[in-house]
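Participant: Put chains B and C on the given structure of chain A with help from the hints.
Protein chains in written order, with the numbering used here: chain A, 1 to 535; chain B, 1 to 494; chain C, 1 to 167.
Derived by calculation from the structure, the hints in this document are not laboratory data.
Below, computed lysine-lysine pairings styled on BS3-like, alpha-carbon distance capped at 25 Å: (1) K113/A <-> K53/A; (2) K271/A <-> K338/A; (3) K4/C <-> K62/A; (4) K160/A <-> K175/A; (5) K298/A <-> K383/A; (6) K53/A <-> K4/C; (7) K62/A <-> K10/C; (8) K240/B <-> K120/B; (9) K175/A <-> K270/A.
A short, non-exhaustive set of chain B residues, derived as facing chain C with CB atoms under 8 Å: (10) L470; (11) R476; (12) L478; (13) G491.
Derived contacts from chain A toward chain B, CB cut-off under 8 Å, selection only: (14) T68; (15) F70; (16) G336; (17) N511; (18) A514; (19) S518.
All values reported here derive from a predicted model rather than from experimental measurement. In this text, a Cβ means the ideal position worked out from N, Cα and C, and glycines have one as well.
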Amino acid sequence: MRKIQSMISTSSADFRRFDRHNRAMLADFRARQEAARHQRPERDLDRLASQGKMRPRERIEKLLDPGTPFLELSSLAANMAYGGDSPSASSIVGIGIVSGREVVIRADDPTVKGGAWYPLTAKKIVRALDIAMENRLPVLHLCDSAGGFLQLQSEVFPDKYMAGRIFRNQSILSKMGVKQLALVFGHCTAGGAYIPGLSDYSVIVRGTGAVFLGGPPLVRAATGEEVSVEDLGGADMHTSVSGTCDYPAATEEEAIHIGREIVAQWDRAKKWDCQRDAPEDPAYDPQEIYGIVPDDIKKSFDMREIIARMVDGSRFHEYQPNYGTTLICGYANIWGYKVGILANNGVLFNDSSLKGGHFIELCNQNNTPLVFLQNITGYMIGKEYERRGITKDGAKMIMAQSCSRVPKFTVMCNGSFGAGNYGMCGRAFDGRFLFTWPNHQIGVMGGDQAANTLAEVKINQMKRNGGGVDEAVVRQLWEETRAAYQEQLSAYHSTSELWDDGIIDPVDTRNALAIAISASLNAPLADPGYGVFRF
Amino acid sequence: MTAPLFGKILIANRGEIACRVIRTLDAMGIASVAIHHSVEARARHVRMASEAVAIDGETPVGAHLDIDAIVAAALASGADAIHPGYGFLSENARFAAAVEKAGIVFIGPDAATISLMGDKISARAFAEAQGVPVAPSVMPTGDLDDFIARAESIGFPLLIKAAAGGGGKGMSIVRSAEGLREAARIAAGEAQRYFGDGRVYAETYVERPRHIEVQVLGDGDGGAIHLFERECSVQRRFQKIIEEAPAARLDPALRDAICASAVRLAAAARYKNAGTVEYILGADGRFFFLEMNTRLQVEHPVTEMVTGIDLVRAQIEIAAGRGLPAKQGKIAVCGHAIECRICAEDPDRDFLPETGMLAHLGVPEAPWLRFENALDPGQKITADFDPMLAKLVAHGTTRAEAIDRSIAALEGLALLGVTTNIDYLARVLDNAAFRAGDLHTGFVAEQREALAPPPIPPQLRAQVLAAAALGLRDFRELALGTPEPHAAIGGWRN
Amino acid sequence: MSLKLTLDGKVHEVSIVRRRPHLVLRIDGQDHELTELPAEGRGHASMAMGGHAVSFARATVADRQLLRLAGRTFEVGTVDPFSKAGAGGASQDVVRAPMPGAVISVHRRAGEAVARGEVLVTIESMKLQTGLAAPRDGILAAIHRFEGETFEKDEVIATLEPQVDEG
Chain A
1 MRKIQSMIST SSADFRRFDR HNRAMLADFR ARQEAARHQR PERDLDRLAS QGKMRPRERI
61 EKLLDPGTPF LELSSLAANM AYGGDSPSAS SIVGIGIVSG REVVIRADDP TVKGGAWYPL
121 TAKKIVRALD IAMENRLPVL HLCDSAGGFL QLQSEVFPDK YMAGRIFRNQ SILSKMGVKQ
181 LALVFGHCTA GGAYIPGLSD YSVIVRGTGA VFLGGPPLVR AATGEEVSVE DLGGADMHTS
241 VSGTCDYPAA TEEEAIHIGR EIVAQWDRAK KWDCQRDAPE DPAYDPQEIY GIVPDDIKKS
301 FDMREIIARM VDGSRFHEYQ PNYGTTLICG YANIWGYKVG ILANNGVLFN DSSLKGGHFI
361 ELCNQNNTPL VFLQNITGYM IGKEYERRGI TKDGAKMIMA QSCSRVPKFT VMCNGSFGAG
421 NYGMCGRAFD GRFLFTWPNH QIGVMGGDQA ANTLAEVKIN QMKRNGGGVD EAVVRQLWEE
481 TRAAYQEQLS AYHSTSELWD DGIIDPVDTR NALAIAISAS LNAPLADPGY GVFRF
Chain B
1 MTAPLFGKIL IANRGEIACR VIRTLDAMGI ASVAIHHSVE ARARHVRMAS EAVAIDGETP
61 VGAHLDIDAI VAAALASGAD AIHPGYGFLS ENARFAAAVE KAGIVFIGPD AATISLMGDK
121 ISARAFAEAQ GVPVAPSVMP TGDLDDFIAR AESIGFPLLI KAAAGGGGKG MSIVRSAEGL
181 REAARIAAGE AQRYFGDGRV YAETYVERPR HIEVQVLGDG DGGAIHLFER ECSVQRRFQK
241 IIEEAPAARL DPALRDAICA SAVRLAAAAR YKNAGTVEYI LGADGRFFFL EMNTRLQVEH
301 PVTEMVTGID LVRAQIEIAA GRGLPAKQGK IAVCGHAIEC RICAEDPDRD FLPETGMLAH
361 LGVPEAPWLR FENALDPGQK ITADFDPMLA KLVAHGTTRA EAIDRSIAAL EGLALLGVTT
421 NIDYLARVLD NAAFRAGDLH TGFVAEQREA LAPPPIPPQL RAQVLAAAAL GLRDFRELAL
481 GTPEPHAAIG GWRN
Chain C
1 MSLKLTLDGK VHEVSIVRRR PHLVLRIDGQ DHELTELPAE GRGHASMAMG GHAVSFARAT
61 VADRQLLRLA GRTFEVGTVD PFSKAGAGGA SQDVVRAPMP GAVISVHRRA GEAVARGEVL
121 VTIESMKLQT GLAAPRDGIL AAIHRFEGET FEKDEVIATL EPQVDEG
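Bound-form chain A, shown alone (with noise of 0.2 Å):
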């Protein structure tokens, strides 16, 4: 493999301009993840404290093996819900290391409207667990959450992906054998008594750990039987006489120190034998992305220089180099681990879609994961595309990457608007982990684009009805669309509504999918369906 030469002069007007500009970017996002992470009020911390309680992101710290990562997902949902009643969606999902063993660990947020689960803390819970599923990652549940937020039980209970899908995960991923341990450290109650219910192993808190189906006020309301917490659904009861619960623990501290003890006693994975070599760092230093990433989503880059900052030792082996050009391929390792890498270069031509469909192939072959770097204003339009079958080739490409039995990773580096989303795998299409960089937008079209075709038909509709074009109409309507559409295709709008796994600052893109790649490695490989073919 080659070392990449990179062409970037790093005392260029441009790339200071890009710098400062993606910097600026990157801290008003850390600045929304500490707002979301930490800004509470003081009234529900000072609750916690006195309840004796750790905050979710302290029991989490203490579960984890010191000194290991922890690779947060989706930190930003629900960022443009509700409000803002929601930070992180209510709860805390992430990878990361128990006892030795790579875990997902999902964790309410009692400093939130007493954790209870909104539509979107529903959403993001069924998308851990399919992470689990998807990856045979044992999930750890850190139980402390009111239930589900009744003004909004609509959108809460009842479809197929609401919160009923969490405990049908649950149930499924048992029978995987993929281990699940819940700590109950407050209260589950109703649908949330199912966790613990459906966890494989079960400790909880004495005191202020309680599972139940309906709590006291709910009872008395019912029956008329007025029963204490701790008799109804405590400790002690469920450990001692309902076995529901399996260890009770004195402390917080005691029930994260015996859920690692349990975790330590879980089988190792044995994961699939992804070709790896020893981990170097970029020869480049991946903070010059800052400089590369332009600041106007219409500046194109070469993707050559992000991929130079992202690989171990910058090294590259470009497949194809000469031919479709607008789309990069080739191996490279990240952390060690082989992956074949799909950049855009610009727009899909036939020829690119034909590489990447062709390249896709070839990493199935050789069991080498997916890396999809997204950049992509579309597959090339216009009557000599077409005639050439830009559409069939297109289609090629979506098959290949659908039908592929190697994990796919995205990651969204820029733009992402029309049918390129799907040829370069975007949500829909079941790659293990889809990372997004804040500067992102997605669309079926650009702003612009879709402003400038509603504008087109308005022009026409008034010219149909015989009126003049009043150009101030037309002007509004394009300003209006434009802004809806902004809002829309902004990376944080993506991140709120889970279309992602979470933005991550440029830099941090390699941690995340060496850890992301490692997961994905539990789940067995499928067989081979056809070889590779030379479209």
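Facilitator: Then chains B and C, alone, in the frame of chain A:
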């Protein structure tokens, strides 16, 4: 060279000394017979010996004191000699007599010599008769004036004590004639009060006494030689813990005088085999006979190291009638040797004996080092026997080198599972007064504070804690069981 | 997540800071890099820490580790991370019969201090004698069934004085 050597020798002992004797027997081609109580059926000395005989006894020590059983064992096994080692029956005249009576050679002096030297009064009288200095004393009479007059004549300082007493009652040190009468009066009064006997006794008080002893060998026909002296001044609970040869800072003329007196005593007693004449040496150069040990000493290896003479071999050859190993003129001291007694005891708790289990034994090796022991990993350290576990003996060309080597060897010695005095011994050797040779039998008490364990420096503490942490299975797993790439990525957060 | 060890009468904390390129331990707040790790198990071992080669011997006796390092012997204990009350808590105030049976003998009286694991009452059930032990350290409040008396499963046989919360 006509006397026959022995075909088989029974060692009436156990532990390190039994092993040490067997080593020489092996080198001489003589078969060995070990004896043991049932608790030590698989002990090292039993495994090393050509054959072994179990001796019944209510206690393990009792078995080793059973004269009849041991003589019977020797007869049954066909041994033609018995080596008694030290301790147990080694200075028991009845045993020596019983052995001889059974037609077996006792490797040591005859029963009469053992009896003579075993009694302090007769030994002292015999020594005094041979011109060996004994500490001047004034025996009590009924007349206080007469007592004072005679006491003044032997000089000061004097130790005044109750004739019938003990335990320090009525005891005082008098440094001048002025205080003598008053001290004697008070002592007499106290003696009367405590013991109902007002008689007082005085003897020369030796300040900061040193314990010097001379190794002698006698052929039993009046021929005797010395193998120079040893110093055994470092003692605790009235027992030696560090011995060396030669004595530090000993004037050559004084050394000659001491050694000559020991040879004189041995020759006069027609002493046969190895023995040790012990002296008290004062700071003023006066030395007084203490006692004679009619056996091999625990600390004999230091003499062997500086003279190059195997004392056990010499004992056997003398017993076999082959005479002394060398003429006096051929014996010289080469370098310096130090012995440290490794004991299962806690120096921080007044040297009280400790018990435990020998979980790990790591012994340093060097050509200048002897580690005399009978230890086996996994062995229980009980209160059945003496707390001495082993002896570490190091040689150097100078005293300083012997000290440094001893310290290095002690530091390299790992004996884990029972509290020992190893660290304490190293601190004694490294003590400034010890290095200066400023020794006396009160050394351990005098240097008490200087010999206390020093605080643990932070870096050492961290090393100990790191080693301990990584010795715990769970922590080790936590430190080393992390999968990649997570271990390499470290504590990263996104 | 840190390990608590006792040495020289004090409690010390050891935790892991990082593992690559070398293990770094934080010991009482100070970081130490181990460029060479000691082998597992007892006996002689060596390691390199903070640039210093350290050789030592180690043995384990019951719950203590004995280490010989730099010519000194050290005894290191491990602090049990579990709370002294154990995992039982309020349910640890009572001793219940694990099965129906009769009391054979009562060993302790109300008001006496008892240690965790100490047998308070011996019962017989299904031809099997069983010692009912104190679930934690504490003061025995009462014995509810005496010699010859019978009881049902889960009946309270003894109670301890409730524990005062140390917090």
